Every structure is written in structure tokens, then in C-alpha cells.
Amino acid sequence: MPSHTEDIDKIIGSIRELFPVEEEKRIIKTLIEKWSNRGEGIHTYIDEIPEKVKYPFPMVIGIIASDWPGFSDAVMGAIHEKGWNIYYEVGMVAEIQDKEVGIIIVVIRIDDEDSMKKFLGERDEILQNIRYISIGSVAKRLLISMEAKRLEIYSKVVDVIER
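Residues in the sequence shown are numbered consecutively from 1211, following my numbering.
If you're looking for bench data, these hints aren't it; they were derived computationally from the structure. Do not rely on the hints blindly, as some may be mistaken.
[To be verified] Mimicking DSSO-like on lysine-lysine, the simulated pairs with C-alpha atoms at most 27 angstroms apart in a straight line are:
| # | residue 1 | residue 2 |
| --- | --- | --- |
| 1 | LYS1235 | LYS1264 |
| 2 | LYS1292 | LYS1328 |
| 3 | LYS1264 | LYS1239 |
| 4 | LYS1262 | LYS1309 |
| 5 | LYS1239 | LYS1309 |
| 6 | LYS1244 | LYS1309 |
| 7 | LYS1309 | LYS1235 |
| 8 | LYS1292 | LYS1327 |
| 9 | LYS1262 | LYS1292 |
| 10 | LYS1220 | LYS1309 |
| 11 | LYS1328 | LYS1262 |
| 12 | LYS1264 | LYS1328 |
| 13 | LYS1264 | LYS1327 |
| 14 | LYS1309 | LYS1264 |
| 15 | LYS1235 | LYS1262 |
| 16 | LYS1244 | LYS1220 |
In this text the structure is predicted, and so the values were computed from the model without any measurement.
Put together the whole structure using the sequences plus the hints.
Written as C-alpha cells, this is what we have:
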């Protein structure tokens, strides 16, 4: 029977086979350069699609913006709202030019040509939604907090009913 460590190594290995650490570092560097060179605001990164795609294909979306509580939840929500499952995500806060910025990278695993066509049809809308929601505000933080509380209550009710 394999140990949990072997299972973890296999899981991480399959993620890194699709999305290597070097690629993650390159995208983080690209996002930081955009922030530093173009000034504050919201900056995004999305993979270019090669002429000949090999599946599974890691569709990578990166974003850098002023950090605020709920930033990553909002970005994930914009992707989930379109029905996409997140294969891998990483988020961090960095201090750049005396500002705290949030950096988020999301990988969506595209398994076939039909999924690629669907994603490409939604890509611009997903990016636009991410840009809109990445602007933090008290109202957005309150909304995310309220929805999280509602989800918590709903989960408890379902748990009681299922017993």
C-alpha cells in the first residue's frame, strides 16, 4: 500500500508535469514587471494558444492588483461562475514599490478541442469579469463576507437534514 507521502508526490508531480515551477516563476515575474512598468492598477496575463495544441493544455490566467481581503475568492468566483474547474491555483501577497499587491495564478486544465473552443469563446468575458471584481471596495468585501456566512449556514442546515 502506498504511503500518503507517495500519494502527495504523485499529485504534485502530475500538477507540475502540466504546469512546471519554472513556468509559474516566469508568470509571476511577468506580472510584477507589468505592475512596475505600467503603474498601479489591475494587470492580467493569459497564455497564448499555440497553433498546434497538445492536450491536456494548461490554460493559465494571472492577475496582479492591490490586495484586499477576498481578492482571491472573487477571482476564483469569476472563473467558477462560468463553469470552469480550477486545476491549480496559487496566490500570494508581495510588497512592490511600497504597495501590497495580490498575485494570483489560476490553471484551468483543457482536455480536448471542444473544451478549448468553449474556453476561447468565454475568455474575454472571464478576463473582463476578473478585472471588474479585482477592484477592491468595502461593498465587495461586505458582499463576499455575507455570501460566505450564508454558505456556512446553508451547509449546516444540509448537514442536519442529511443526518
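Going through the hints against the structure:
no. : hint                 : verdict
1   : LYS1235 with LYS1264 : holds, 22 angstroms
2   : LYS1292 with LYS1328 : holds, 10 angstroms
3   : LYS1264 with LYS1239 : holds, 25 angstroms
4   : LYS1262 with LYS1309 : violated, 40 angstroms
5   : LYS1239 with LYS1309 : holds, 16 angstroms
6   : LYS1244 with LYS1309 : holds, 14 angstroms
7   : LYS1309 with LYS1235 : holds, 20 angstroms
8   : LYS1292 with LYS1327 : holds, 14 angstroms
9   : LYS1262 with LYS1292 : holds, 25 angstroms
10  : LYS1220 with LYS1309 : violated, 37 angstroms
11  : LYS1328 with LYS1262 : holds, 17 angstroms
12  : LYS1264 with LYS1328 : holds, 16 angstroms
13  : LYS1264 with LYS1327 : holds, 14 angstroms
14  : LYS1309 with LYS1264 : violated, 39 angstroms
15  : LYS1235 with LYS1262 : holds, 24 angstroms
16  : LYS1244 with LYS1220 : violated, 34 angstroms
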